[in-house]
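Student: So you can see what is in the structure, the chains are spelled out below.
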Amino acid sequence: MNKNKEQLLNKRYKAEQRFRLYGQSAIFMALLFLTIFIFKIFSTGYSAFQKTWLIVPVTFDAELMMLEQNPSKEDIQDADYYDIALKSMADLDPNANEDQENELKRMVSYFFEKEIKNELLNDPSLIGKTKEVYLTASDDLDQVFKGNYPRDLPEDQRRVSDYQLKIFDQLVANGKVESKFNISFFTNADSREAELAGIASSFMGSIFSILVCLMIAFPVAVLAAIYLEEFAPKNRFTDFIEVNINNLAAVPSIVFGLLGLGVLLAIFQLPRSTPLVGGITLSLMTLPTIIIAARASLKAVPPSIREAALAMGASRMQTTMHHTVPLSMPGTLSGTIIGLAQALGETAPLILIGMVAFVNTIPGSPMDPAASLPVQIYIWAESAERGFVEKVSACIMVLLGFLITMNLFAQIIRHKFEKKWS
Amino acid sequence: MNLILFTFIVLLGFTSYYFGRKKAYTIQSTKKRLTALPQFYGYYLAIWCAIPAFIIFSLWAIFEPTIVKLLILSDYSNQGYLDDELNLIYEKTKALSRGQFTGEITPFIEASAEKYLSLRSIAQSSKVVIVLSAIIASVAYAYKRISSNSRTREPVEKFLNAVLFTASLAAILTTVGIVFSLIFQTIDFFKVIPLFDFVFGTHWYPAKAFVRDSSEALDPTMYSDTFGAVPIFAGTFFIAFIAMCVAIPIGLMSGIYLAEYASYKVRQYAKPLIEILAGIPTVVYGFFAALTVGPFLKELGTSMGLEVSAESALAAGGVMGIMIIPFISSLSDDVITSVPQSLRDGSYAMGATKSETIKRVIFPAALPGIVGSILLGVSRAIGETMIVVMASGLAANLTLNPLESTSTITAQIVVILIGDQAFGDPKTQAAFALGMSLFLVTLCLNIVALRVVKKYREKYE
Numbered sequence: 555m556n557k558n559k560e561q562l563l564n565k566r567y568k569a570e571q572r573f574r575l576y577g578q579s580a581i582f583m584a585l586l587f588l589t590i591f592i593f594k595i596f597s598t599g600y601s602a603f604q605k606t607w608l609i610v611p612v613t614f615d616a617e618l619m620m621l622e623q624n625p626s627k628e629d630i631q632d633a634d635y636y637d638i639a640l641k642s643m644a645d646l647d648p649n650a651n652e653d654q655e656n657e658l659k660r661m662v663s664y665f666f667e668k669e670i671k672n673e674l675l676n677d678p679s680l681i682g683k684t685k686e687v688y689l690t691a692s693d694d695l696d697q698v699f700k701g702n703y704p705r706d707l708p709e710d711q712r713r714v715s716d717y718q719l720k721i722f723d724q725l726v727a728n729g730k731v732e733s734k735f736n737i738s739f740f741t742n743a744d745s746r747e748a749e750l751a752g753i754a755s756s757f758m759g760s761i762f763s764i765l766v767c768l769m770i771a772f773p774v775a776v777l778a779a780i781y782l783e784e785f786a787p788k789n790r791f792t793d794f795i796e797v798n799i800n801n802l803a804a805v806p807s808i809v810f811g812l813l814g815l816g817v818l819l820a821i822f823q824l825p826r827s828t829p830l831v832g833g834i835t836l837s838l839m840t841l842p843t844i845i846i847a848a849r850a851s852l853k854a855v856p857p858s859i860r861e862a863a864l865a866m867g868a869s870r871m872q873t874t875m876h877h878t879v880p881l882s883m884p885g886t887l888s889g890t891i892i893g894l895a896q897a898l899g900e901t902a903p904l905i906l907i908g909m910v911a912f913v914n915t916i917p918g919s920p921m922d923p924a925a926s927l928p929v930q931i932y933i934w935a936e937s938a939e940r941g942f943v944e945k946v947s948a949c950i951m952v953l954l955g956f957l958i959t960m961n962l963f964a965q966i967i968r969h970k971f972e973k974k975w976s
Numbered sequence: 050m051n052l053i054l055f056t057f058i059v060l061l062g063f064t065s066y067y068f069g070r071k072k073a074y075t076i077q078s079t080k081k082r083l084t085a086l087p088q089f090y091g092y093y094l095a096i097w098c099a100i101p102a103f104i105i106f107s108l109w110a111i112f113e114p115t116i117v118k119l120l121i122l123s124d125y126s127n128q129g130y131l132d133d134e135l136n137l138i139y140e141k142t143k144a145l146s147r148g149q150f151t152g153e154i155t156p157f158i159e160a161s162a163e164k165y166l167s168l169r170s171i172a173q174s175s176k177v178v179i180v181l182s183a184i185i186a187s188v189a190y191a192y193k194r195i196s197s198n199s200r201t202r203e204p205v206e207k208f209l210n211a212v213l214f215t216a217s218l219a220a221i222l223t224t225v226g227i228v229f230s231l232i233f234q235t236i237d238f239f240k241v242i243p244l245f246d247f248v249f250g251t252h253w254y255p256a257k258a259f260v261r262d263s264s265e266a267l268d269p270t271m272y273s274d275t276f277g278a279v280p281i282f283a284g285t286f287f288i289a290f291i292a293m294c295v296a297i298p299i300g301l302m303s304g305i306y307l308a309e310y311a312s313y314k315v316r317q318y319a320k321p322l323i324e325i326l327a328g329i330p331t332v333v334y335g336f337f338a339a340l341t342v343g344p345f346l347k348e349l350g351t352s353m354g355l356e357v358s359a360e361s362a363l364a365a366g367g368v369m370g371i372m373i374i375p376f377i378s379s380l381s382d383d384v385i386t387s388v389p390q391s392l393r394d395g396s397y398a399m400g401a402t403k404s405e406t407i408k409r410v411i412f413p414a415a416l417p418g419i420v421g422s423i424l425l426g427v428s429r430a431i432g433e434t435m436i437v438v439m440a441s442g443l444a445a446n447l448t449l450n451p452l453e454s455t456s457t458i459t460a461q462i463v464v465i466l467i468g469d470q471a472f473g474d475p476k477t478q479a480a481f482a483l484g485m486s487l488f489l490v491t492l493c494l495n496i497v498a499l500r501v502v503k504k505y506r507e508k509y510e
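Respectively, the protein sequence lines represent chains P and G.
First residue of the first sequence: 555, per my numbering; consecutive thereafter.
First residue of the second sequence: 50, per my numbering; consecutive thereafter.
For reference, chain G alone in the conformation it holds in the complex (with noise of 0.2 Å):
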């Protein structure tokens, strides 16, 4: 039904664009000189036939589902019924219109399930008749004013500049959004949990929060010694550290071998098939690690006489610093390349040699744009998912053994979230709690970051 209705919009806003254009040439061929060229009389009139579907198509979808849920509620109203056991009665009557409903069927929910689907289709077609109306309203404005040959091209570009700023509050929007979707179930977390239990805590064993009956009191003490977030924030540390021991060296070693050293060719082949690596997705780094890396691992352990868990902190970290090892290379390579050549120059003219002047004049020179890539790879590695899910261990475990297993925050979010989530439960809350700690701890790092390396670029150009 919508779709007809919103195909028969389009339609309309094609023929007015077509009236608009033709009442254009009606204009000029009595010699009147226009005000602008003639696909703007076309615009002027689509847009006022957009404008107020597009409204009122909003307004429906917000309003409608409620007026129709508090008509059908107004019925139940003077008989006690709680808030969640009336939500539960909507709901029910939704199925039973939509005919999906499996449980045992009462005359009342009957009846509401009727009464719904009326008000439904009142809802339709008084939706239906005033979209019409309001359009045929106001093409018809409109093509009055474009008969008296008033102004077109400027409305029509203040509409498109308006289009294209809103396009650009949608960055802002998303960041509102997940701040939005963090902020609230992050207090209602922390209403159970006392922020310091959560901060200094040393114990993470959220089944424990599984186990309570739901029809009880949330008792917070219980829950004392269940979500204390200090081994996970040890544990992503640890791996990114990991990460971050293989991805450095590696990495910036060869983002300056790929800029002051390797020739054309060398060049034209190694840079791209290193970035390769960042191109991989990190779910197959999870199985590689896994699969590969973790039981090699393990067995190459064995063999020393050390003890090695197959979901060791190393396997997990080490792979991770592969997949980072590209994000450093090209930025530290950038960064490099932006070094003036008159610094490289000097250096050479007092004897010294191509390392001495790495080492010495380029590095320092480059050391704020390396570290804000360096930065840059930390954040994603404390960001990364699927290589902890699927190679670290799932149990928090507070230790600094890379051949241990230790868990994340990221791992524990998804080990929370998969499956089904109930909504106010502290053990989901408390993956939205650790969302948040994430959130911002990569925007503090992201933010510094971007700073940095803006700040360099700026100094050499």
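So here's chain P without its partners, still in its complex pose (with noise of 0.2 Å):
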């Protein structure tokens, strides 16, 4: 009997360990989730913020160019650098043929031409001289130098010919091969080509949808707000109005997208493509989010404050726009930076107001086409080519990076400026 107890009991202790286990478990995997995931994007990601250059020695031969003796500078500006860039590349194996040529070629960016030019452009005293010039290596070669393209792959898999990583060893070999700072990332905008592409474009691009969508929820979402809280009567349309508010924060945001082309684009005829379209777009997103926040604020302030308000002669008015609000703001504040920062991180509305449209130019404006940070991941995660795996997993943590600084502020506001009622 007592000893029947005791099994008992220490069935009971064993099954209260395991469930504790799973408990601890659970949390751990959660917890180890989030750290393969963390890992995986920074061990891609982290080469992308270094660029491999060749340096090359070009020789700024004026036949060659097709430049007289003492040009101006607009004369350097029209000349021909196509054959001196392709020279200056031929020459890097003096027996190469016709087929090897090509291919010695394609080692650089097509935009080597470009950069001999500016290298002239700085200095035009170069003219007639030779002089070591850094060229942005091809992406395929950039992968390998990094060591992120398997070399012992049959040649006919490769997009590196053996001819090439022959020329491209000798030169690693002889100390002619460079790695950087990659700052073209941050200024380019996008290409085809993984080597030049940044993301000026959609870092622009999801700047200015974020600075429309907050002028546009943040005015909106903390009027009404105000009003449901302070003002509005209990009945059954602010019931409506409330079961409205709750409903769209748990909305798709898919639907949100349709909503902009089906209304914003089809019926207002705004622009496609732009930052506008989408900043509105991504506002009616946010703004239950915001108003959610903003009532939570509101009502947090004690009943006190309004109570001592009213009791000196304010109307309800001056009361909530003199105390309750100003005292809800820090509140207030940090939810519209947490909604902004969804709203940052949203793609598939963007996706259907046609912001993944290939953008190549800088926005100067929210009316200019643009993509979004991560309608840039999309569109580079969609791209066959291996350069542009480290490029994604690069945006990935930049747009990482600001969703934390924007958190950080809103607990930064939070606790510096709101006040705790006791």
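Hints were generated in silico from the structure; no laboratory data involved.
Heads up, a few of these hints could be off.
Stated by the list, open to error - What follows is a set of in silico ranges between Cβ atoms, one per label pair, in the way DEER data are often shown:
#1 P:LYS973 <-> G:LEU86: 20 to 28 Å
#2 P:SER919 <-> G:THR84: 42 to 50 Å
#3 P:ALA938 <-> G:GLN128: 50 to 58 Å
#4 G:LEU392 <-> P:ARG574: 29 to 37 Å
#5 P:PRO825 <-> G:SER126: 48 to 56 Å
#6 P:SER919 <-> G:GLN173: 18 to 26 Å
#7 P:SER579 <-> G:LEU244: 43 to 51 Å
#8 P:ILE821 <-> G:GLU153: 40 to 48 Å
To be verified - Think about it this way: if two alpha-carbon atoms lie no more than 30 Å apart in a straight line, the pair counts; the simulated BS3-like pairs of lysine-lysine are:
#9 P:LYS659 <-> P:LYS641
#10 G:LYS503 <-> P:LYS973
#11 G:LYS508 <-> P:LYS565
#12 G:LYS508 <-> G:LYS408
#13 P:LYS641 <-> P:LYS730
#14 P:LYS641 <-> P:LYS594
#15 G:LYS164 <-> G:LYS72
#16 P:LYS788 <-> P:LYS594
#17 P:LYS568 <-> G:LYS403
#18 G:LYS320 <-> P:LYS568
#19 P:LYS568 <-> G:LYS408
#20 G:LYS408 <-> P:LYS557
#21 G:LYS207 <-> G:LYS80
#22 G:LYS314 <-> P:LYS970
#23 G:LYS193 <-> P:LYS594
#24 P:LYS559 <-> G:LYS408
#25 P:LYS683 <-> P:LYS641
#26 G:LYS193 <-> P:LYS853
#27 G:LYS320 <-> P:LYS974
C-beta: ideal position from N, C-alpha, C; glycine also.
Grab the two chains, each in its own frame, and use the hints to assemble them into the complex.
Tutor: Encoded structure:
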């Protein structure tokens, strides 16, 4: 009897321990996913912040460039650089036949002509002289140099030929290959060539969309929250508004994309692919989030504040505008920032309103076609070229950095400025 | 032009505020008692400046294009053009007047372009004149009222109240906009494709509708086997089911652990860390699923002798499940913490262990809230787009094998609508019909879930 009891108790204690273990492992799993996730992104993405350059001696031959004696700045601007560019690449291997010369040319980006031109524009006295110029390596060689490209594949399955690898290895051995911080990743617009593609256009697109979103969503949401929390009579109509807000907060984002497409583009004829339309669509999406946050922080202002103001003879509007709303602002603002951070990471609605178009210029206003950072991630992730994989991860790192900063900012506002009522 | 006018009106608004307030001070200096604080006199005047401007601006924005179009096209009215041709002529005219027209310029169109420009400039200048005179008239009226020291605070506050009320209508307007944008295309779609074929058809192959020569008349029988949504609905629920298989156990158990077992310190760090998972954009999950999880599962399957698609439902669903973990864990954490302590104390007093208390007392008490949070998670799984677009298949495939690829409602919407769309095409309309069904399904789930959670909260408050 006694033994039986003890056994039962032991069993129950074991069950207790098991249950506890399940809980611990669930937490562990969730955190493990997070770690794998972040590790994966960083390990594939960090190399995109480096860019591989080939150092190639270029002879600025005036004849080949069709330049006359003492050329003016305009002459240098209009000169023909293709031939010297081609020649300097071909000179890497004096014994190269025509096919091999072509392969040599493809070791650098198609931008190489312009890079040589810029060199001369910076220093016109180079005419007739030879100088070692930094040329952007092609994305495949870039990947080879970073060790992301399997070299042991058979040649016909590789985008880099044995010959190119041989020359490249010679260059490496001579110290003519260098890795530097990839500035162009931040200053270039999107490009079909992985080595030249940058995030500047999508970054500006994101900024413009978010600004439009903020300018529409914040005032409307705050006003709506003030009305619902401070002035609205309790009746069926305001209940209906509440149900609407709560539902909108849970409507899938792609439905807002359909709204943008069906109403903003088809009926109001706003320009396609622009941050303006994107921002309006996102603002409709963030509206409920901000309203809910603003209402919560209005609700947190204790009634004694209102009563005191009313007792001093302030009208209800004055009480609200002079006391309640300013006191609720920290909470509202941090809610707004969190809502904007959500909007910043949103992709699907922007795809539907056409912000996936290939944009190779940096937009200067919300009315110019643009992509946004998450859409850029999508576009690059769909590209087949290996060079884009690290770009995607790098772009994700930039986006996550942005989101983390915004969330930290929201936390700081909340902790620093929010009054604790007790 | 509009911008200059707008700035000017804003400036006028500020000046009228200033004058209103100044008037109040003058009244005060005559030892008369003011009916409100001086700034209300200013606000009063400024509002009287803003209202007419706003009304006229919106009237112009609504009616100017239509009237101009009518006037331009009246030249062509008796030449027997069709409506579409007239629209085209109007578009050409507009393009030419902006200097962006590239096609052949006929004298007719050139004439209308000139007429268009002159009409526009007439409209613009008349707008300026009307706006300014209206402002002057209304401000003069308001100034007179101020001078006789009539009440200003009440009208100003009434106006503010009206503004606040209008803002709160935004939520309703958005819902109306969603329904509005979906319903017409959906109705048009069901005019061509019978509802029955859509709901019960088992072949989804919208690309077929693309091959159609646009000059041919619409032939409904052609589409009879094209827009059967069963494989898509099945795929959607299947992927959502896989996601929930991952999210419910992990989310629920971590919610329970955080609420009942975790020490303050663990809770302080683990909770925000898990919530980071909710803050990661879905496109990032999609990339992760497509480039890491998919190939990994494929390799794993091949090594075990299984045939796994690189775009398997398992990869998309699994990653989606990870995304949903924090929603379920933090909602169920909230729900469990709000179960009254007395229930726990009662159970401990009867000699139950902690896990027994949780399983037999707290869990049943918190069940409605937990069900609500799970329903919200399901709604999110069904509406999730980027993960499925990037990681699951794009061809609709009726299967229950998690290792094969399937497609979902959201993925199909994106596939159909990416790039240029032709409104009026059954393919585009199909996307809206899918959007409508998505909206309705998630709406039902949300309403039920929110109601359940609300009821539950009221029970213990």
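Student: Now tell me if each hint is right for this structure.
Tutor: Now for the hints, and whether the structure bears them out:
no.	hint	in the structure
1	P:LYS973 <-> G:LEU86: 20 to 28 Å	holds, 26 Å
2	P:SER919 <-> G:THR84: 42 to 50 Å	holds, 46 Å
3	P:ALA938 <-> G:GLN128: 50 to 58 Å	holds, 53 Å
4	G:LEU392 <-> P:ARG574: 29 to 37 Å	violated, 20 Å
5	P:PRO825 <-> G:SER126: 48 to 56 Å	violated, 30 Å
6	P:SER919 <-> G:GLN173: 18 to 26 Å	holds, 22 Å
7	P:SER579 <-> G:LEU244: 43 to 51 Å	holds, 48 Å
8	P:ILE821 <-> G:GLU153: 40 to 48 Å	violated, 30 Å
9	P:LYS659 <-> P:LYS641	holds, 9 Å
10	G:LYS503 <-> P:LYS973	holds, 28 Å
11	G:LYS508 <-> P:LYS565	violated, 35 Å
12	G:LYS508 <-> G:LYS408	holds, 20 Å
13	P:LYS641 <-> P:LYS730	holds, 17 Å
14	P:LYS641 <-> P:LYS594	violated, 42 Å
15	G:LYS164 <-> G:LYS72	violated, 48 Å
16	P:LYS788 <-> P:LYS594	violated, 52 Å
17	P:LYS568 <-> G:LYS403	holds, 12 Å
18	G:LYS320 <-> P:LYS568	holds, 27 Å
19	P:LYS568 <-> G:LYS408	holds, 15 Å
20	G:LYS408 <-> P:LYS557	holds, 26 Å
21	G:LYS207 <-> G:LYS80	holds, 28 Å
22	G:LYS314 <-> P:LYS970	holds, 22 Å
23	G:LYS193 <-> P:LYS594	violated, 72 Å
24	P:LYS559 <-> G:LYS408	holds, 21 Å
25	P:LYS683 <-> P:LYS641	holds, 14 Å
26	G:LYS193 <-> P:LYS853	violated, 41 Å
27	G:LYS320 <-> P:LYS974	holds, 22 Å
Hints 4, 5, 8, 11, 14, 15, 16, 23 and 26 from the list above are not met by this structure, while the remaining hints are.
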